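With these hints in hand, go ahead and build the complete structure from the sequences.
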Amino acid sequence: MKEGTAVSVAGFDAGIDVEDLSTLLMIRHFEQTVLDLFARGLLNGTTHTCLGQEYVPVALGPLLAPDDFVFSNHRGHGHYLARFDDPEGLLAEMTGREGAVCSGVGGSQHIFRGTYLSTGVQGESLPVAVGTALWFQRTGRPGVAVAYIGDGTWGEGAVYEALNLAALWRLPLLVVVENNGIAQTTPTARAMAGDIAGRAAAFGIAHVSVTGSDVAAIRARLAPVVERTRTGGGPAVVEFATHRLGPHSKGDDTRSAAEVAAEREHDWHDAYRRLDPDLFAKVEDEQRTRIAEAVDRVLARPASVWERG
Amino acid sequence: MERVAENLNRALHAAFAADPELFLLGEDVADPYGGAFKITKGLSSGYPDRVLSTPISEQSLVGVANGLALSGGRAIVEIMFGDFATLAFDQIVNFAAKSVAMYGRRVEVPVIVRCPTGGRRGYGPTHSQSLQKHFIGVPHLSVHEISPFHDSTALLAGLLADGEPAVLFEDKVLYTQPMHEPGTDGPFVADYPFGAGGPARLRASDGDDAADCVIIVPGGVARRALAAAGTLFAEHEITCEVIVPTRLYPFDVEPLLPALAGAEVVCLVEDCAAGGTWGSEVAARVYERLWGRLRRPVVLCSAEAEVIPTAAHLEQTVLPQASDIHRAIWEALHA
Amino acid sequence: MRELLLPKFNNNDEGCVLVGWTVDDGTAVSADAVVAEVETAKALEELVADADGVLHRLVEAGAHCEFGRPVGLLFDSRQERDDYLAAAVVTTASEGEGEGEDHDGGPEPMLSDAARTLAQDHGIRTEQLRTLGKRVVKASDVQRLIDQGFMDQEAASVAAGASADAVVVSLSPRQRAVAAVVSEAHRTIPAAFAAIAVDLTAFRATRGGAPYGLVELLVKAIAARHADFPLFFATSGADHTLTLASAANVGVTVDVGTGLFIPVLKDAAHRPIGELTDDLMDFRVSALRQNFREDAFADEAITLSLHNDPDIILAAPIVHPGRTCVVTLCAERSEVALTEDGMPFTRPVTTVAATYDHRYLNGRDAVRFLTAVKQDLETADAIARLVG
Chain A
1 MKEGTAVSVA GFDAGIDVED LSTLLMIRHF EQTVLDLFAR GLLNGTTHTC LGQEYVPVAL
61 GPLLAPDDFV FSNHRGHGHY LARFDDPEGL LAEMTGREGA VCSGVGGSQH IFRGTYLSTG
121 VQGESLPVAV GTALWFQRTG RPGVAVAYIG DGTWGEGAVY EALNLAALWR LPLLVVVENN
181 GIAQTTPTAR AMAGDIAGRA AAFGIAHVSV TGSDVAAIRA RLAPVVERTR TGGGPAVVEF
241 ATHRLGPHSK GDDTRSAAEV AAEREHDWHD AYRRLDPDLF AKVEDEQRTR IAEAVDRVLA
301 RPASVWERG
Chain B
310 MERVAENLNR ALHAAFAADP ELFLLGEDVA DPYGGAFKIT KGLSSGYPDR VLSTPISEQS
370 LVGVANGLAL SGGRAIVEIM FGDFATLAFD QIVNFAAKSV AMYGRRVEVP VIVRCPTGGR
430 RGYGPTHSQS LQKHFIGVPH LSVHEISPFH DSTALLAGLL ADGEPAVLFE DKVLYTQPMH
490 EPGTDGPFVA DYPFGAGGPA RLRASDGDDA ADCVIIVPGG VARRALAAAG TLFAEHEITC
550 EVIVPTRLYP FDVEPLLPAL AGAEVVCLVE DCAAGGTWGS EVAARVYERL WGRLRRPVVL
610 CSAEAEVIPT AAHLEQTVLP QASDIHRAIW EALHA
Chain C
645 MRELLLPKFN NNDEGCVLVG WTVDDGTAVS ADAVVAEVET AKALEELVAD ADGVLHRLVE
705 AGAHCEFGRP VGLLFDSRQE RDDYLAAAVV TTASEGEGEG EDHDGGPEPM LSDAARTLAQ
765 DHGIRTEQLR TLGKRVVKAS DVQRLIDQGF MDQEAASVAA GASADAVVVS LSPRQRAVAA
825 VVSEAHRTIP AAFAAIAVDL TAFRATRGGA PYGLVELLVK AIAARHADFP LFFATSGADH
885 TLTLASAANV GVTVDVGTGL FIPVLKDAAH RPIGELTDDL MDFRVSALRQ NFREDAFADE
945 AITLSLHNDP DIILAAPIVH PGRTCVVTLC AERSEVALTE DGMPFTRPVT TVAATYDHRY
1005 LNGRDAVRFL TAVKQDLETA DAIARLVG
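Here the protein sequences line up with chains A, B and C, keeping their order.
Quick note on numbering: the first sequence equals residues 1 to 309 in our numbering.
Quick note on numbering: the second sequence equals residues 310 to 644 in our numbering.
Quick note on numbering: the third sequence equals residues 645 to 1032 in our numbering.
The hints are simulated quantities; they were obtained by calculation from the structure and are not laboratory data.
Be aware that one or more of the hints could be misleading.
[To be verified] Okay, the calculated beta carbon distance ranges per label pair:
1) B:563 x C:919: 51 to 61 Å
2) C:919 x B:561: 53 to 63 Å
3) B:506 x C:821: 48 to 58 Å
4) A:308 x C:933: 24 to 34 Å
5) C:707 x B:561: 34 to 44 Å
6) B:342 x C:941: 52 to 62 Å
7) B:433 x C:688: 22 to 32 Å
8) C:668 x B:364: 28 to 38 Å
9) C:688 x B:519: 42 to 52 Å
10) B:563 x A:308: 16 to 26 Å
[Unchecked claim] Only pairs whose alpha carbons sit at most 16 Å apart, straight line, appear in this in silico EDC-like list of lysine to aspartate or glutamate:
11) C:778 x B:546
12) C:782 x B:340
13) A:282 x A:19
14) C:782 x B:544
15) B:350 x B:336
16) C:910 x C:899
17) C:1018 x C:843
18) C:910 x C:938
19) C:782 x B:336
20) A:282 x A:17
21) B:347 x B:399
22) A:282 x A:270
23) C:782 x B:546
24) B:347 x B:315
25) C:652 x C:710
26) C:778 x B:315
27) B:350 x B:340
28) C:652 x C:939
[Stated by the list, open to error] If you only want the chain B side, here are some residues facing chain C, beta carbon under 10 Å, derived:
29) 512
30) 542
31) 548
32) 625
From a predicted model like this one, the values you see are computed outputs, not experimental measurements.
Virtual Cβ for every residue (Gly too), placed ideally from N, Cα, C.
Below you can see the structure in the form of structure tokens.
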């Protein structure tokens, strides 16, 4: 381990949770396949893969209830797959095939299923998340509104308006920041004065900083945070220092090879493999096959139909 | 005799009494102030958990309303001056309106954004605008305006039941005026031949005599149009029929076609600045259906393509007055 | 307190619409401040306060008002206005019940101005208008009632002191306006009269297809007198003063059946006769269409009253208040004369007369004026000079 990666050795000693590993690898292979499909001209439009960040929603998943409202963003495949374990539905959505989650209308960025919703405009989801948190509070429901945002999102005024309201009204809102140090092609240092912790503090909002990618350790760390927010403790900002291994969308990675290589050093993938190579290989094989078969099945389906209401 | 503001306040109270999952958000809406124009008077006292005074965050007000709607509730947002609706444009156009369809199936987003609109109070360029035209043509977003000829209780109930986001414009000067009853508007009496919730028709005429001129106006301009109709008849014996819809967009021109086809001239009047107006949209719909039968081009009367000045004598030169409507129709008939 | 009267903005309308007040009720205004905007059939005009005072509005925006009627009051102080208002409340409270309650419900019929005027002229009351069963009443509707004989016989008869079966007519407002003007003229202007015979032989000889007629030539001949006879081109004022005109603006009577108009040929002395001819033709068209421009009647200095219908030998018109002289042209006629040798021949002649305000002009002046005009009209050289 390189210095600075706070992976809890204790967690790994306890063994890898097979379900967690399956989900992690399912997402990893899904994303890699998506980039591959684009390269082969089989996917249309644009997409934003979450390579390197998969562990974030996987860690949070069990801490959330089915009725909690999850708001995702453009880089949301991991968020969706961690919640619904539905690579076929997502792939069908992205390829405009029958069985698409949103009939192919929303595509990669605009997904709505149950109490999960993603939007394509930065910052737009936060005030809406505040609205759902307000609903939980006023109707006496125990739900939490969770909003996934990035570091770049903090450029939008809507974020500050939403945090102000959430703190003012003491709402059950959890803001999960996937701070990967870069927004499209702009490093955070060039886009953000001060830091996220200072911003949360300005509104009197609890801020938790998470480094490392040990899912179990992260989950243990965050369980009380989520519970506090759920039970009237007010909003919280959980900031993950994470690493984007791939491009912003496709072919728009302006970082140098050395910079990308440095990001790779933090990848949970190799860390987990080293812990239990046999289990890892088995699960990876399962997931690789699963995704590959999913691709074949979905691509063979007819085009999606949009029922205009 | 009920004033328009009282009628709207009563409508809000009725809506809140009928629906335990209705929320209202706005700046300074709580009692005792009851909103900048007193429209929400009494609401926060009656329903303290569901009527929220917020910080100055127009974008988030609408965002929160969107979240409440997504969660299964309904929400009304009061933007203090319609001019500030521009701050919430993303939440209205990119989230509320698009969410109805962009997820591949119909999603209900029952959010009403209320916008006090219009000038003639000397509030100046950023507090006097009529921005209806900027919300026209957004799929799944409807645009409406209150009128003294329509009970707001029915209007509001209809909008909430619609399930789609709506922007509701409310002329500020109209707030202080009486709701229409026979006699309130001189010889002009309202009837509703276009169906429930449809436009009101104001006529001083008899039976089915076709009017020389048909004027279509939103509620905020209606009484100026009636004044022009009065002077046009007094001075030139030109008869006018004034049609006041509450739904500005999407605008159904079909039921009006017989009256429009029979007129010497059709006139559309609004307070919006000239250029890309609601009137031009309605005119385009009229031309589609009546091109060969219209006797002359549709007359569009609007504010000047200019900012709205503060001083009353300057404001009058920019905003359409009854005399401007009179002159526009007179000149069209004598071109 | 003084009344703020609606000034007469033109000579053709009876009134106009007060579009809107530009100051609030009860505002202190200074003289010449714009207090309202009014709209005539042709233009938007400004109503200015004619004195300092606290304004009290008498009519509402959108109301139609007659020229010369009060549209507001100017009080010397706010207190005075408050006192007035306090008194008004008492009276309106007591008479408020009756108004508008004695009909069978529903809005009053809406009358056009023309309809209202016609109804008033012929004494037709609201109840009679209701018999039309129309909510919207045009002049043609009222005319129908009149034709059916709905005149207010009884009231008119009583007023005229006539017997029950006498046919009585009352004046139209236009005629009443005329009656008012001539009555005042008769009352205030001691008019005298002189007429001169003019031989039109030279005029006939020089005409030969020229684009002007006797009227235009006479206008030029009158205008040419401006320098030598300034008092004939003047406006009478208070205390026996005269304001001399700076230019020979000749008003000419025009009546094509739509009413008597006196549009003005401006600066007739210096403008070419062709222009005057064109102007006069335009005036006749305007009279037919009743769409004179605002300034058509302004700045008249002297009037030419045309009585040149066939066989009219003499006419003595009224001197309109403000004028000092009205020139009359009668019909052209043929008269028999004798040459020096005693041989009879016929020649074309006409009569040109002057009716004048004897306070300012004497008989000798009138005779000299008419003689100079006559000489211009009878001499080929003079005619050539006048027509340019």
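Hint by hint, here is what the structure shows:
| no. | hint | in the structure |
| --- | --- | --- |
| 1 | B:563 x C:919: 51 to 61 Å | holds (57 Å) |
| 2 | C:919 x B:561: 53 to 63 Å | holds (58 Å) |
| 3 | B:506 x C:821: 48 to 58 Å | holds (53 Å) |
| 4 | A:308 x C:933: 24 to 34 Å | violated (59 Å) |
| 5 | C:707 x B:561: 34 to 44 Å | holds (37 Å) |
| 6 | B:342 x C:941: 52 to 62 Å | holds (59 Å) |
| 7 | B:433 x C:688: 22 to 32 Å | holds (25 Å) |
| 8 | C:668 x B:364: 28 to 38 Å | holds (36 Å) |
| 9 | C:688 x B:519: 42 to 52 Å | violated (30 Å) |
| 10 | B:563 x A:308: 16 to 26 Å | holds (21 Å) |
| 11 | C:778 x B:546 | holds (14 Å) |
| 12 | C:782 x B:340 | violated (53 Å) |
| 13 | A:282 x A:19 | holds (13 Å) |
| 14 | C:782 x B:544 | holds (10 Å) |
| 15 | B:350 x B:336 | holds (13 Å) |
| 16 | C:910 x C:899 | violated (19 Å) |
| 17 | C:1018 x C:843 | holds (8 Å) |
| 18 | C:910 x C:938 | holds (14 Å) |
| 19 | C:782 x B:336 | violated (52 Å) |
| 20 | A:282 x A:17 | holds (14 Å) |
| 21 | B:347 x B:399 | violated (27 Å) |
| 22 | A:282 x A:270 | holds (15 Å) |
| 23 | C:782 x B:546 | holds (6 Å) |
| 24 | B:347 x B:315 | holds (9 Å) |
| 25 | C:652 x C:710 | holds (9 Å) |
| 26 | C:778 x B:315 | violated (35 Å) |
| 27 | B:350 x B:340 | holds (6 Å) |
| 28 | C:652 x C:939 | holds (13 Å) |
| 29 | 512 | holds (8 Å) |
| 30 | 542 | holds (5 Å) |
| 31 | 548 | holds (6 Å) |
| 32 | 625 | holds (7 Å) |
When each numbered hint is compared with the structure, violations occur for hints 4, 9, 12, 16, 19, 21 and 26.
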